[in-house]
Structure formats: structure tokens, C-alpha cells
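Chain H is fixed; fit chain P onto it per the hints.
Each chain, letter by letter, is given below.
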Amino acid sequence: MNYFRSQVTIKKIRMTSRLEVELSGVRLKNPVIPASGTFGFGEEFAQLYDLNLLGALAFKGTTREARYGNPLPRIAECGRYGMINAVGLQNPGVDHVLQKELPRLRTLFQGPVIANVSGFSLDDYAYTCEQLDKADGVSILEVNISCPNVHNGGMAFGTDPKAAADVTHTVKAVTHKPVYMKLSPNVTDIAAIARACEKAGADGICLVNTMLGMRIDIHRRKPVIANRYGGYSGAGIFPIALRMVNQVAKATQLPIIGCGGIESAEDVVEMMMAGATAVEIGAANLTQPLACKNIIDRLPELLNELKINDINDIIGIV
Amino acid sequence: MKQGIYTILDNVKIAERIYRMRLQGETEGMLAGQFVNILLPGRFLRRPISICNAENRILTLIYKVVGEGTHDMTQLQKGYQLDLLTCLGNGYDLSLAGDAPLLLGGGVGIPPLYLTAKKLREAGKKVKVILGFNTIAELFYEKEFQNLGCEVTVTTVDGSYGLKGFVTAALDGKQSYYYACGPLPMLKAIIKTVGENGEVSMEERMGCGFGVCVGCTLQTKNGFKRVCKDGPVFKSGELMVNEG
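Which chain is which? The protein sequence lines are H and P, in order.
Under the working numbering, think of the first position of the first sequence as 1, with each following residue one higher.
Under the working numbering, think of the first position of the second sequence as 1, with each following residue one higher.
Take these hints with a grain of salt, some might be off.
Capping the alpha-carbon separation at 30 Å, the derived lysine-lysine pairs in DSBU-like fashion look like this [as the list claims (entries may be wrong)]:
{"#": "1", "chain 1": "H", "residue 1": "K29", "chain 2": "P", "residue 2": "K2"}
{"#": "2", "chain 1": "H", "residue 1": "K100", "chain 2": "P", "residue 2": "K225"}
{"#": "3", "chain 1": "H", "residue 1": "K162", "chain 2": "H", "residue 2": "K172"}
{"#": "4", "chain 1": "H", "residue 1": "K293", "chain 2": "P", "residue 2": "K235"}
{"#": "5", "chain 1": "H", "residue 1": "K222", "chain 2": "P", "residue 2": "K64"}
{"#": "6", "chain 1": "P", "residue 1": "K235", "chain 2": "H", "residue 2": "K100"}
{"#": "7", "chain 1": "H", "residue 1": "K100", "chain 2": "P", "residue 2": "K143"}
{"#": "8", "chain 1": "P", "residue 1": "K126", "chain 2": "P", "residue 2": "K143"}
{"#": "9", "chain 1": "P", "residue 1": "K188", "chain 2": "H", "residue 2": "K100"}
{"#": "10", "chain 1": "H", "residue 1": "K222", "chain 2": "P", "residue 2": "K225"}
{"#": "11", "chain 1": "P", "residue 1": "K64", "chain 2": "H", "residue 2": "K293"}
{"#": "12", "chain 1": "H", "residue 1": "K222", "chain 2": "P", "residue 2": "K188"}
Because the hints were derived from the structure by calculation, they are not lab data.
Just chain H, same shape as in the assembly (with noise of 0.2 Å):
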């Protein structure tokens, strides 16, 4: 009898580990992160599912000031596909974020925290990346040097090898938490930005943001957004980033987190095979708050399917 009890248990803690993954010695229990920006600091989905669930979580994007963002309408569709926001940061400051955020998130989370930084000079990025270093809800750092949505600052240092390697040796010098770099798909050569970040000392690359587009109001003769230009992101981008996860897997030895239009655990799956370890679920939790837990829970059965005994042994096989 004990001896079959034990079996079972074997059997169930292999079912859970098979899905596990790790970040530059932070584990996930499964892949699967929320976005920042397309979860807030978890709350409104804390309401539909139990966010342990979650492998790890990547907070609102943080500034050093509280910032209003872009005027309105900062939405507009695209379609059956997608959507562009141009929210433009929003969010109530790193100082906010680490008194009343982040402990409210750790109450209804605990799991590995992903913090999402943006600043528009080194010294923004120093010291916001500074306050977040000692947090310890922190695991991860992601450093987002792609936001379309801002001027001076952003995607301004996404877009340039160099650039992009500056902002890495500032935020490296001022913590020991993992860097993660999130990228900007706006670029002709995104693997040189990469190999740039990791001879800067990066830890890890995140991509892709969302791809800088643009809707026009053909009644109206303007366009919808009022930031003129947005963020494309949604379905439609999946095929542009799984290119590029799968390029800069080929030109870096660094862990991916592999982001753009994954709706699916197939397309999870399709996602780590260009290249990821891990992946970010963004739009799909704006018009589906349960896409997160649709795929953790569809993930087992579908390697089952795949004949995939650990999800590890598929990162980056194509």
C-alpha cells in the first residue's frame, strides 16, 4: 500500500517539475509570466484565479517620478489581431511602487517578481534600479529600453547597440539582482543590440515590446491615437517575434524571455523552441484575464501530445 502511495506521489511531483524552468538561478515553476504592463500589480486577476499559479510575475512598468502618461485616446484595435496602446509609462513611482504595490502583491503572490524599470537617462535607470535592488519581493530586474510611447528615453536606448550597452553596465554596476534587457523590435539588426547587452554584463534578454504602429480615423481624417503613433501588439505580432527570440538565440548565450502575441500553450511551445526558457503573456490578459491560467493548465496535456517528457528539453531546438 505505502508502496503504491508513493508512486503516485513521484508521479505528481514529476508532472509539476517537467514544467519548471530557471532564470539565472531563479526557478519558475513553469514558464508562463504575465507582461508587465497587461497585469498591473496583480490585483483585478487575483479576483479570477490564484496567481501562485503563475511561474513568475512582471510588474507595471516603474519610473524614478510618478508619471500621468499620454493624452487620451491612448487605445485603438487593430482588427481580429490586435491592438496599439500608447499609454506612455503610467505608473505612481519606484517609491509607491516599493511601499504599497509591492507589498500588496506579495500577499496575493509569492512567487518570483519580474520589476520592469524605465527611465529616460542613465541616471533614471541607476536610480530606480538602486531602490528596486533592495526589495527582497524582487527576483528579477527587467530593463525596458523599448517603450515606443515616450520621447527622449525608452526605445531611444533599444535602438542602438551602444546605447543599449550603456544602460546595461548602469543598472549591473548598482545591483546583484539578474538584468534582463527588454528589447525593441523597432530595429534592423536585433541580434547586434543583443550581443551588445551581453558583453555589457546582461543577464538575460527579454523580447520583443510592441512594434510602433499607427491607426487613422478615415471619417475623422486623424489618427485614433492621440500620441499620433503606438504600440502594435496582439496575435499579429507572434510571427515577427518568434524571428526574433529565434535570431537572438542564435547570437547570444543568454536566457530569453520570449514575448509578442502568444495566446497559446502551442504558441508557448512554438516560443521556446526559437529559443525561449521562458515566456511573457501580454495583450491576451487584457481581452482574456484567464489566458495565463488557460495555458499553465493546457500546458501538461499538450506536452503529453507533443511526446515532451521536460519542457526544458525543447528551448531553442529550432
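Chain P in isolation, oriented as in the chain H frame:
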């Protein structure tokens, strides 16, 4: 926030560009002034629609055709199933109504006032309602509010029905408190004319509808507020009526 599958019972035109859809499904916990967010076939973003009525597992929505998404909605037939996020937003604070509350609605801003009026009547309040339209072809729900026992005044901008002018033309200043919903210029005019002893429901283009994308942020006297989650109802005194 809750998520559920709802089955269309009927979906009919009730006035110019105005449709009423009734759906069967969970209605428990839905409050006056809250909204639902509807996933439509072939559309990435959900469509937020305010709750007109919710009782005994029948949800009534009244919507205006303003774009492709709402046009698609008019084509949906009885029996079709829709994925809804429900119980979104804060809703009106009915505890502040006093004895003789006034409800002011403009066009497609009228529907959330129906459930509001019903709850206030159930609480024994003397409810006065002013319904504003551009023209008689857009008129709807006058009788429905009368059937609740409300004193109803209709205004039309072109004078084709009721009093000529905007909802502010029908004010008598005798209300204990007010609840309003309609286009922004109307809400600002109400706050300026009637004062701040009331609350208004705002409309904005939304991404998620439940507070995480911060696509619908409003600057108020009390800081940044999300129309979808901190609103859509705001105290009149919170809004910055002299700007924009």
C-alpha cells in the same frame, strides 16, 4: 469582476441607431451604473456596454451603433452565446440619493439610469427623470421609466418632442441629489448649472475594461483615475469641469 457565458434572448432596434439586447445568464451582484465587457466574434478588444437592467438571470443592454464593433453586434441572433466580463466599474452610490433624487440622461447615456431608477423606486424614493435626445427618432424608454413610477420629462434639441433644448432646460432645482450619464459637454453643463451635489458616469475608449491597461485614465482633482475601474461613476466635485 466575473466572467461568464450569456445567451442572447433577443436583439432589436428600439430607436434610431439604438438597439436593445437581452441575454440570459448570471445577474447576481450586478449594480446600477456598472458595465459589462463583451467579446465579439472577429474583434480583438471587448466592447464595454452599461447595464440597463439585471434581474432573475436576464441582463438587458441598450447600445448605440457607433462603429464596426457595435454594428456587428446588431447582427447577432437569438441563441448566440457571448463571453462577458461582468460587474465592472463602481456603479452609482445610491445611499446618497436623499428623498427626491434627480436622474439626467442624454442619448445612450440613459440605459444605466434605468436600473438606478428601479432601485431608488424600490427604496421608496420620489424619482424625477430628465431624458435628453437630439430628435424624436432617437427617443426610447420614456414609458419604461414612467412604469417604474418616475416623473419623466423629455427634452429634444430640435424641439420635435417634449421640451426644446438640452436636459438642463428641464431643471427645477428641487432635487435632493442627482445621478447623470451622457456626453461630456452635457455632464459639464449639469455640474456648472446644478452644482456638485451629485455624481456622473463617464465614457472613454477602453483597452481591458478592468483596470490594468490604464488606457482610460482621467485626471481628477483627486489624482489619476481609471474610468473603467475607479469609475465610470465619479462624484461631480472630483471632476475638473473647466478644462478640456
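Next on the checklist: Checking one constraint from the list: CA of H:K100 to CA of P:K143, max 30 Å. Satisfied?
Outcome noted: 49 Å, violated
Checklist entry - Are P:K188 and H:K100 close enough, with their CA atoms no more than 30 Å apart? => result 34 Å, violated
Item to check | Hinted pair P:K126 and P:K143, Cα distance within 30 Å | outcome: Holds: P:K126 and P:K143 sit about 17 Å apart, inside 30 Å.
Next on the checklist: Need the status of pair P:K235, H:K100: alpha-carbon distance at most 30 Å?
Outcome noted: 25 Å, holds
Checklist entry - Within 30 Å, alpha carbon to alpha carbon, are H:K222 and P:K64? => result 22 Å, holds
Item to check | Proposed proximity, H:K293 with P:K64 (alpha carbon, max 30 Å) | outcome: Distance of about 34 Å is beyond 30 Å: violated.
Checklist entry - Is H:K162 close enough to H:K172, meaning Cα to Cα at most 30 Å? => result 15 Å, holds
Next on the checklist: Would the hint linking H:K293 and P:K235 be met if the CA-CA limit is 30 Å?
Outcome noted: 36 Å, violated
Next on the checklist: Check the hint pairing H:K29 with P:K2 against an upper bound of 30 Å on the C-alpha distance.
Outcome noted: OK: H:K29 and P:K2 at ~27 Å, within 30 Å.
Checklist entry - Would the pair H:K100 and P:K225 pass a check requiring their Cα atoms to be no farther apart than 30 Å? => result 17 Å, holds
Next on the checklist: For H:K222 and P:K225, compute the direct alpha-carbon distance and say whether it is at most 30 Å.
Outcome noted: 26 Å, holds
Next on the checklist: For a C-alpha distance cap of 30 Å, please report whether H:K222 and P:K188 respect it.
Outcome noted: Roughly 25 Å between the alpha carbons, so the hint for H:K222 and P:K188 holds.
Of the numbered hints given earlier, the model fails hints 4, 7, 9 and 11; all others are met.
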